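Colleague: Build out the structure end to end from the sequences listed, making use of the hints.
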Amino acid sequence: MPARLTAALLCLLLAASPVLASPERADLLLKQGDPGAAQVIEALAKARPGDPDVGVLQLRLLLQKREAKRALELAEKLVRQTPGHAASHYWLGMAYGARIGQVGAFSQATMAPKVRAAFERAVELDPSLHDARFALMEYYLRAPGIVGGSESKARAQAEELLRRDPPRGRFAQARLAMHDGNDAEARRQVLAAYAARPGEAMFRMAAGALHQQAEEWDQAFAVFTAWTADEPWSASAWYQIGRTAVLSEQRTEEGIAAFERVLALNPQPGAPEHKHAWYRLGQLHAQAGDKAAARQAFERALALDPDLEDARKAMSAL
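Residue numbers (the numbering used here): 23 to 340.
Rather than coming from a laboratory, the hints here were simulated on the basis of the structure.
None of these values were measured; they are calculated from a predicted model.
Check before you lean on any hint, since a few could be wrong.
[What the hints assert, rightly or not] Within a straight-line C-alpha distance of at most 20 Å, the following computed SDA-like cross-link-like pairs (lysine to any residue) qualify:
hint : residue 1 : residue 2
1    : K53       : E64
2    : K68       : L84
3    : K68       : G123
4    : K297      : E331
5    : K53       : L151
6    : K87       : P45
7    : K53       : K99
Modeller: Dropping the structure here:
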């Protein structure tokens with residue numbers, strides 16, 4: 023079947039099928055970094071014009087494509103059209119956050135309070151929108167006072183999260199403990215959050231990283247292996263299995279297979295870039311004594327980023 027006909031047929035199917043062209047399907051494809059997300063979202067936009075939930079999906083797609091300026095323009099349009107839609111305000115804050123690093127110092131100073139205001143409005147409209155509350159807590163904790171930063175306000179948001187969603191609240195308490203330099207308390211709270219809700223990606227990543235730092239290799243492998251069992255499409259989970267193999271110098275073949283899985287997946291938001299997977303894969307091949315495979319992996323990493331010094335040094339050391 024000609025490629026153009028295949029694409030046209032797919033678009034028709036997406037537009038006609040409420041299952042294929044559902045917000046849930048679009049959300050999953052966005053998490054997976056699947057290029058098919060764009061077609062699903064386009065079909066939803068045609069079928070549900072003016073739906074702010076679909077607008078948020080369009081906004082997320084633009085952010086994934088690193089089109090921060092267009093994302094911010096769409097976010098501002100969304101909140102003008104549906105000022106009572108909490109998720110639009112949350113993603114407006116996220117769009118401001120993505121854009122703020124691309125503008126000059128004066129624009130950053132004027133934009134920062136808009137980030138805070140967007141998150142605050144999202145929480146006002148929907149107190150159960152915990153992603154927005156956590157983002158607001160982070161803003162208060164990290165921003166200077168001149169643009170609305172406030173440690174006391176950050177702690178108040180963390181307490182509210184603890185009341186409304188105890189696992190997320192524990193994670194927020196861990197963030198505050200890290201800010202205070204209390205590593206033992208941060209570890210306790212992260213592991214408590216993970217134990218309460220082991221299916222949460224953010225908790226999984228933090229718990230696994232703590233086990234890596236403590237050289238608790240079996241526990242680290244267990245966290246990330248459970249993650250891949252639940253979400254076999256998660257590049258972050260596979261990457262961390264491979265990274266644990268590198269750091270521990272254990273289960274080398276399993277680590278190699280994990281990185282190969284990462285490289286077979288689409289690049290995903292929040293996941294390490296493929297250049298890092300190639301570099302780590304080269305490390306494992308070197309550990310296994312396969313210098314030719316290691317060199318090839320390092321070369322692939324450097325082809326993606328000639329300035330990746332770790333890969334260049336590792337190749338020189340072969």
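Colleague: Where does the structure disagree with the numbered hints, that is, which hint numbers, in rising order?
Modeller: 3 and 7
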